[in-house]
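Take the sequences, apply the hints, and build the full model.
As given, the protein sequences belong to chains V and B, one line each in that order. Take 2 as the starting number for the first sequence in my numbering and just add one per residue. Take 441 as the starting number for the second sequence in my numbering and just add one per residue.
What the hints contain is simulated information worked out from the structure, not anything from laboratory work. Careful, some of the hints might be misleading.
[Claimed, not checked] Where chain B lies over chain V, by a calculated footprint (3+ residues, C-beta under 8 Å):
| # | stretch |
| --- | --- |
| 1 | 238-250 |
| 2 | 253-260 |
| 3 | 306-317 |
| 4 | 390-403 |
Note that this is a predicted model, so its numbers are computed, not measured. Glycine included, C-beta positions come from ideal geometry on N, C-alpha and C.
Residues per chain are reported as follows:
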Amino acid sequence: MKYSAISLFANALSGHKKWPVQFPDKEPKKEYDAIIVGGGGHGLGAAYYLAKRYGITNVAVLEKGWIGGGNTGRNTTIIRSNYLFDESAAMYDHAVDLWDGLGQELNYNLMFSKRGVLMLAHNVHDVQSFQRHVHANRLNGVDNKWLSPEECKAFCPPLDISPHRRYPVMGGALQMRAGTARHDSVAWGYARAASKLGVDIIQNCKVIGIRRDPDGAVEGVETEKGYIASKKIGVSAAGNTSVVMEMAGLRFPLESYPLQALVSEPVKPVMPCVVMSNAVHAYISQSDKGELVIGAGTDQYTSYSQRGPLHLQEHNVAAICEIFPIFKRQRMLRSWGGIVDVTPDRSPIVGKTPVKGLYVNCGWGTGGFKATPGAADMLAYTVAHDAPHKINAPFNLDRFVGGRLIDEAAAAAVAH
Amino acid sequence: MFEIHCPYCNEKRSEIEFAYAGEAHYVRPTAQEQTEMSDEDWSRYMFIRDNIRGEHAERWWHNSGCNMFFNAIRDTVTDKFVMTYKMGQPRRTETQIEAARKNNAEQKAKS
Chain V
2 MKYSAISLFA NALSGHKKWP VQFPDKEPKK EYDAIIVGGG GHGLGAAYYL
52 AKRYGITNVA VLEKGWIGGG NTGRNTTIIR SNYLFDESAA MYDHAVDLWD
102 GLGQELNYNL MFSKRGVLML AHNVHDVQSF QRHVHANRLN GVDNKWLSPE
152 ECKAFCPPLD ISPHRRYPVM GGALQMRAGT ARHDSVAWGY ARAASKLGVD
202 IIQNCKVIGI RRDPDGAVEG VETEKGYIAS KKIGVSAAGN TSVVMEMAGL
252 RFPLESYPLQ ALVSEPVKPV MPCVVMSNAV HAYISQSDKG ELVIGAGTDQ
302 YTSYSQRGPL HLQEHNVAAI CEIFPIFKRQ RMLRSWGGIV DVTPDRSPIV
352 GKTPVKGLYV NCGWGTGGFK ATPGAADMLA YTVAHDAPHK INAPFNLDRF
402 VGGRLIDEAA AAAVAH
Chain B
441 MFEIHCPYCN EKRSEIEFAY AGEAHYVRPT AQEQTEMSDE DWSRYMFIRD
491 NIRGEHAERW WHNSGCNMFF NAIRDTVTDK FVMTYKMGQP RRTETQIEAA
541 RKNNAEQKAK S
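If you want it as structure tokens, here you go:
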């Protein structure tokens with residue numbers, strides 16, 4: 002069924018009790034042309050693009066829990082592409098291009114809102130480095146502009162730009178095409194659209210082994226629901242990528258850390274955009290429900306526990322109160338943690354692996370959500386062609402041997 | 441927030457006194473080895489870490505306490521520490537970890 006104002010009206014008449022199931026929960030077949038391990042936005046998106054763009058419809062998505070229950074539902078929903086290096090700009094901007102119109106394409110309201118992301122500069126170093134980012138972005142065709150403190154205040158009224166503050170606002174870099182989207186909808190929208198094209202979405206189906214033929218190429222996966230054959234396996238398992246890769250005897254340059262975020266009680270609209278501050282180290286936006294959504298860097302130790310200590314949340318909130326004293330009396334409602342897989346250069350790994358037929362999309366660290374459509378498309382392309390697209394070619398595994406890193410860790414337009 | 445047993449102070453202290461310091465028993469190749477080793481081996485040393493889902497041998501630093509580094513076995517799924525031990529002691533074997541786990545359970549049952 003196509004979602005529209007008419008279908009909404011018709012279903013309202015029957016008390017919203019007759020909506021059809023969005024996508025069926027399938028049992029696995031014996032064999033698929035391609036299997037995607039991981040049913041988050043990235044994995045579901047990859048399955049969708051395999052079917053939609055690259056003509057492989059006999060695809061299964063295997064998810065150990067429920068779809069969108071991992072990092073897709075555990076982020077702060079920020080979308081932007083103002084990264085420094087050419088490779089990153091191409092990758093993230095491809096994603097932002099796809100975000101445009103994605104709701105129409107999937108026939109699903111993703112609540113994508115281009116409300117702008119404002120990155121605050123608090124010292125001379127910030128000013129210089131952000132202006133460098135602005136220029137680098139514009140050379141790459143990525144929109145980004147420099148604002149004076151007064152322009153920052155005009156764009157985001159709750160800001161305090163008094164020069165006497167401990168961390169004065171000395172300006173900001175604004176990307177207008179950036180913004181937020183409803184993260185659960187992204188998973189559901191991709192799942193529904195992929196399912197319509199013939200993709201099987203199999204939940205509660207943990208992969209426990211990868212079977213390989215005598216030449217070393219993949220033959221299929223052992224799962225909790227039995228053996229499933231496929232000559233092509235795309236792994237999109239975020240924080241658990243190391244665990245899955247171990248099954249194929251591969252060790253990856255990844256470490257898994259919890260990344261926490263929290264929301265306040267809902268309030269009336271007060272934050273018109275997303276504000277990030279690297280120096281004070283936090284970011285904030287307001288959801289359509291009215292909650293202030295707050296996040297910062299990862300926890301300090303590796304973990305798979307999907308939660309973290311309270312004192313780090315306190316630290317995040319303290320940083321927000323430093324920038325926005327107006328929120329000092331705001332009470333926090335709930336918090337969560339996702340497990341992010343961090344690479345040494347803070348750039349993802351998207352492409353082929355040393356094992357034939359095994360492809361990977363991982364290492365997005367703290368910035369995976371914004372890249373969802375782009376990463377999904379690149380994984381799908383690589384799986385379909387057995388070769389990377391020119392956008393994801395630089396994001397290969399070999400760069401850690403050859404030394405051609407994409408060092409966004411040092412460039413850090415982002416709070417890691 | 442949890443409490444961590446520092447083997448030098450020999451007492452349990454709050455997590456905020458400590459800093460995580462990466463995988464334990466990680467040996468830097470000597471200058472001689474570095475000149476002779478392949479790019480693959482150097483990459484393995486530089487970038488590849490265990491990232492275990494389960495019991496992980498790791499270093500911690502009591503930076504707001506006695507300022508000493510020590511090693512620990514921690515379950516990365518529950519974040520529970522199985523044991524901590526002093527720097528320079530060998531990697532703990534499966535039997536030693538099992539014994540520590542049993543000991544912890546007994547202690548817990550007593551209290």
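So, going through the hints one by one against the coordinates:
| no. | hint | in the structure |
| --- | --- | --- |
| 1 | 238-250 | holds (count 3) |
| 2 | 253-260 | holds (count 5) |
| 3 | 306-317 | holds (count 4) |
| 4 | 390-403 | holds (count 3) |
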